[in-house]
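Note that the protein sequences, when read in sequence, are chains A and B.
Per my numbering, residue 3 is the first one in the first sequence, and the count goes up by one each step.
Per my numbering, residue 7 is the first one in the second sequence, and the count goes up by one each step.
FYI, nobody ran anything at the bench for these hints, they're computed from the structure.
Quick caveat: nothing in here was measured; it's all calculated off a predicted structure.
Using N, Cα and C, we set each Cβ at its ideal position, and we do this for glycine too.
Hints may be right or wrong, so weigh each one.
[Claimed, not checked] Below 25 Å or equal to it, Euclidean Cα-Cα: the simulated DMTMM-like pairs (lysine to aspartate or glutamate) are:
{"hint": "1", "chain 1": "B", "residue 1": "Lys84", "chain 2": "A", "residue 2": "Glu126"}
{"hint": "2", "chain 1": "A", "residue 1": "Lys132", "chain 2": "B", "residue 2": "Glu85"}
{"hint": "3", "chain 1": "A", "residue 1": "Lys80", "chain 2": "B", "residue 2": "Glu132"}
{"hint": "4", "chain 1": "A", "residue 1": "Lys79", "chain 2": "B", "residue 2": "Glu132"}
{"hint": "5", "chain 1": "A", "residue 1": "Lys80", "chain 2": "B", "residue 2": "Asp142"}
{"hint": "6", "chain 1": "A", "residue 1": "Lys132", "chain 2": "B", "residue 2": "Glu34"}
{"hint": "7", "chain 1": "A", "residue 1": "Lys528", "chain 2": "A", "residue 2": "Glu549"}
{"hint": "8", "chain 1": "A", "residue 1": "Lys77", "chain 2": "B", "residue 2": "Glu34"}
{"hint": "9", "chain 1": "A", "residue 1": "Lys79", "chain 2": "B", "residue 2": "Glu139"}
{"hint": "10", "chain 1": "A", "residue 1": "Lys79", "chain 2": "B", "residue 2": "Asp98"}
[Said to hold, decoys possible] Below, a sample of chain B positions facing chain A; criterion: calculated Cβ distance under 8 Å:
{"hint": "11", "residue": "Gln28"}
{"hint": "12", "residue": "Trp30"}
{"hint": "13", "residue": "Gly40"}
{"hint": "14", "residue": "Ala53"}
{"hint": "15", "residue": "His57"}
{"hint": "16", "residue": "Val59"}
{"hint": "17", "residue": "Gly65"}
{"hint": "18", "residue": "Val68"}
{"hint": "19", "residue": "Ala71"}
{"hint": "20", "residue": "Ser74"}
{"hint": "21", "residue": "Gln76"}
{"hint": "22", "residue": "Val80"}
[Claimed, not checked] Chain B side only, calculated, beta carbon under 10 Å to chain A, not exhaustive:
{"hint": "23", "residue": "Phe42"}
{"hint": "24", "residue": "Ser64"}
{"hint": "25", "residue": "Gly69"}
{"hint": "26", "residue": "Gln169"}
{"hint": "27", "residue": "Glu176"}
{"hint": "28", "residue": "Gln180"}
{"hint": "29", "residue": "Phe200"}
{"hint": "30", "residue": "Glu204"}
{"hint": "31", "residue": "Met211"}
{"hint": "32", "residue": "Val212"}
{"hint": "33", "residue": "Ser214"}
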Amino acid sequence: MPTKPFSEMTGNDYAALGFKSGLEIHQQLLTSKKLFCRCPAARYSDHFDAEILRHMRPTLSELGEYDGTALMEFKTKKEIIYQIQRDTVCTYEMDDTPPFELNGEALDIALGIGMLYGCSMVDEIHIARKQYLDGSIPTGFQRTTIVGVNGSIPFRDRSIAIVQLGLEEDACREVSDVGHRRTYLTDRLGMPLIETVTAPDMLTPQEVAEVAEILRRLVRSTGKVRTGGGAARQDVNVSITGGTRIEIKGVPRIPDIPLLTYNEAMRQRNLLRLKDELHRRGITRDSFEARTELVTKLLRKTRFEPIRNAVADGLVVHGVLLRGFQGLLRWQTQTDTFFSREISDRVRVVACLTTLPNIIHSDSPSETLPSSEWRTLRKSMGATDDDTLVAVWGSPQDAALGASEIALRAQEATSGIPSETRQALRDGTNGFERILPGPDRMYPDTDLPPLRITEERLERLRVDIPPPYWERERWYCDIGVPEDLVAPLSTSPYADLFARAVREWNITPSVVAETLVQFPKRIRKKIGGRVGFTEETMREILLAIREKSLAREGILPSLLAVAQGSRFVRHDLPAPCSSDELKSIAGRCSADLQAIRLHSPAKARRKLMGLVMGHVRGRIPGRLVAQYLGLNTPEAGQ
Amino acid sequence: MSDNYRGYRGEALSTLKEYDAQVWSDVEVRTEQGSFTGIVLPRSETADAYHIVLKLRSGYNVGIAARSVQAIAVQGRKEAHYKIPEKEFPFDPKKPRVKLLGTGGTIASRLDYRTGAVIPAFSPGELYGSVPELADLCNLETEKLYGVFSENMGPEQWIGTAQAIGREIEKGVQGIVIGHGTDTMHHTAAILSFMVQESPVPIVMVGSQRSSDRP
């Protein structure tokens, strides 16, 4: 099958590729404290009081094995800097104090969501340490646990399996990563999040995005998860027939998923074709041949600036000969991306040669070395026309490590697709991040004892589990909630309050939906920024509507006043406007109106309505005023 | 109790026996909740008698209530050997000879996953296996003098350590490192400063409050 552009791919094309994809969704929970200490959650700031330097080392799992990722990260020999702030970090996050007890509020939320997925719930929770040697967690491991396995959610005419639901602590925010130094901010570190892992049940890129959206809305419908930038992050696993499971990390937006997964499927397909081409040329894992040589002297006077400057700075240049690879570094892997980038990425990440370009190669049509210098290199390294040369430069250690990574990555091409985690890039392609970690990076946390989940606890939580949002939506449609409010209301934190207001307090559904969803949105638009209304405020307003002390016209002004800092007190509301009062106000307004000359009687009546409403807004429904004035206004219709 | 059921007692033990499962059995456990697949792990001695610990395929551990088990199908066995890989320390004639004298303490220990305690671990092979970059610095030899926590160091051990230092200097090492527990390291250091004077080679005492297997 030929390579088709993204827009032309059909479901059949993906089926022919054997496309399969699964999701791992990380979602922060709405708790006031962090997961294993009592520091506040979600207090973000770029300000810091101190910096701490750490180095990381790999640890054996209790099965006695090292993890591949851990060893790779160890090779990079990074200095990790943590920026810490007094108010958001304590000695726990810095691994100077053992963990406190697991945050019970976070566990309850996770258990509730596990039951929402219909998971088999774990009877006794064991905290594990998952090694992360990239430095994103100062301890070198993340405390994490499984609360449920084997759940599912309905999707179209089938179901998507939820393999497991985990509860774990969030990692640091990366500030920068240059050369051998990586810097992190620690405010987010330790916040509770859940990880939902689906089976690879999605069969097209579009399905992956749809399932991600369903899961996002489903967990939001509990009202107990965080929203906003960075609160939910997707990892997407992709494989095709003959390929490998590749994990694309940290996809920030669901709409980015289709193009990213398409590009990954294409990359795998093209790497499999590259493998076939290598085999056709007689190059296999065993017959693969690479040679490395120090070529600093030969390139001392090169016109290619990056290398000339590097040599002048006392750095060294390694040449790597890839036997029989002629032309293959220009082999297309993703959209406008070639095999040379697979190699350059490895060199950047593992050898910490972060300034680009970090390699040049003889297959490149772009201007690097003049052809006379390539000839000199070829001669010196014994290369034939069938071979490709790659050059890498840096400090003696980095350049040597870079050279060995180049040969390693080229050799891996003879076997197909190396197991890696890859990072999502803005243009929809992906780049190497690290070797895919395996179960060997997990080992038990001996600081915390196992925690029993009692049946009573599950029973208590089961009562509060919301119905799936799609059931709510059906009900909203049935009772006449305006169409545009159905979706936002079904996953709103006020969804329970809505049900109560409609069922118990008998308030018109459309009025409740407007109050809870539409008006807050309008106010946020009007005054900008994040305006929140407590459930208590909303409850008071709805009760005032029920008691008829607040009319529909008064809701928006009341909410606006709350947003601007005043408190809504139901009992302090002025008494509803009586018909006598309305009569006297209308009389006064009518007299006032005499002073203004309005020729059109219709205009005059509308003006009068406006004047009267100015006095009684919120204390009496507009339609009663209109009725009294003998007007046919929009309000009168309701 | 036999090693095949390490840490298990009561209800959990009889459930394992009922279905012919043992520690390290690769099993599928069917429960009222659903199915779990993984390897039966030893149970911590301080934990209760009602749960069976499984290592799932994902690497996570979970406890399953023995009471809810409906069936266990044993599919195989995968025994773990927790051991730091021992590698022979390489020799480079251009690098200085350094002797590491071990007296004990947390710095020479590693974690025991079953009890959560730290247990002693110390040999050049183990050290090289876990800290290979030591070979970039020196030719390391190690000798375990004692395996005691520092509260148990006393005159006998101080004298022995000083004598060992003398022997090593005579053998021509170019540096000595002494691994020691942190509680009384300053006592030993003070005593040694009187016992060993005008040393021709640097002598360094090291300790840590973390076992060396923490990342």
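Each hint, compared with the structure:
Restraint check: the Cα-Cα separation between Lys84(B) and Glu126(A) comes to about 23 Å, which is no more than 25 Å; the hinted pair holds. Distance check on the hinted pair: Lys132(A) and Glu85(B) sit about 21 Å apart at the alpha-carbon level, within 25 Å; holds. Pair hint Lys80(A) plus Glu132(B) holds up; C-alpha atoms about 24 Å apart against a cutoff of 25 Å. A C-alpha spacing of about 21 Å is found between Lys79(A) and Glu132(B), which places the hinted pair at or below 25 Å, so the restraint holds.
Pair hint Lys80(A) plus Asp142(B) holds up; C-alpha atoms about 17 Å apart against a cutoff of 25 Å. With a C-alpha separation of about 24 Å, the suggested pair Lys132(A) and Glu34(B) falls inside the 25 Å cut-off, and the hint holds. Pair hint Lys528(A) plus Glu549(A) does not hold up; C-alpha atoms about 29 Å apart against a cutoff of 25 Å. Distance hint between Lys77(A) and Glu34(B) is unfulfilled; the C-alpha atoms sit about 38 Å from each other, more than 25 Å.
For the suggested pair Lys79(A) and Glu139(B), the alpha carbons sit about 11 Å apart, so the restraint of at most 25 Å is met. As the CA atoms of Lys79(A) and Asp98(B) are separated by approximately 23 Å, the hinted pair is consistent with the 25 Å bound. Look at Gln28(B): its Cβ only gets to about 16 Å from chain A, farther than 8 Å, so that hint breaks. Annotation: interface hint on Trp30(B) violated; nearest CB of chain A at approximately 10 Å, more than 8 Å.
For Gly40(B), the suggested interface contact is upheld, since its CB lies about 3 Å from the closest CB of chain A, less than 8 Å. At its closest, the beta carbon of Ala53(B) sits 6 Å from a beta carbon of chain A; the interface hint therefore holds under the 8 Å criterion. At about 4 Å, the closest approach between the beta carbon of His57(B) and any beta carbon in chain A falls short of 8 Å, and the interface hint on this residue holds. A hinted interface residue such as Val59(B) counts as satisfied when its beta carbon comes closer than 8 Å to some beta carbon of chain A; here the least separation is about 7 Å, so the hint holds.
Taking 8 Å as the C-beta contact cut-off toward chain A, the hint placing Gly65(B) at the interface holds, the least distance being around 3 Å. For Val68(B), the shortest C-beta to C-beta distance to chain A is roughly 5 Å, which falls under 8 Å, so the interface hint holds. A hinted interface residue such as Ala71(B) counts as satisfied when its beta carbon comes closer than 8 Å to some beta carbon of chain A; here the least separation is about 4 Å, so the hint holds. Below 8 Å, beta-carbon pairs count as interface contacts, and Ser74(B) has one with chain A at about 7 Å; its hint therefore holds.
Residue-level restraint check for Gln76(B) is violated (minimum Cβ-Cβ distance to chain A is 12 Å; threshold 8 Å). The interface hint given for Val80(B) is broken, as the beta carbon of that residue sits about 19 Å from the closest beta carbon of chain A, more than 8 Å. Interface hint at Phe42(B): satisfied, since its Cβ lies 6 Å from the closest Cβ of chain A, which is below the 10 Å cut-off. The interface hint given for Ser64(B) is met, as the beta carbon of that residue sits about 6 Å from the closest beta carbon of chain A, less than 10 Å.
Because the closest C-beta pair between Gly69(B) and chain A is about 3 Å apart, less than 10 Å, the hint holds. With its C-beta approaching chain A no nearer than about 34 Å, Gln169(B) sits outside the 10 Å limit, and its interface hint is violated. Hint on Glu176(B) is violated. Least Cβ distance to chain A is approximately 35 Å, over the 10 Å limit. Evaluation of the Gln180(B) hint against chain A yields a violated restraint, the C-beta minimum of about 24 Å exceeding 10 Å.
Taking 10 Å as the C-beta contact cut-off toward chain A, the hint placing Phe200(B) at the interface is violated, the least distance being around 34 Å. For Glu204(B), the suggested interface contact is broken, since its CB lies about 35 Å from the closest CB of chain A, more than 10 Å. For Met211(B), the suggested interface contact is broken, since its CB lies about 21 Å from the closest CB of chain A, more than 10 Å. Proximity of Val212(B) to chain A is violated relative to the hint, the smallest CB-CB distance being about 16 Å (cut-off 10 Å).
With 10 Å as the threshold, the beta carbon of Ser214(B) stays out of range of chain A, its nearest partner Cβ sitting at about 13 Å, so the hint is violated.
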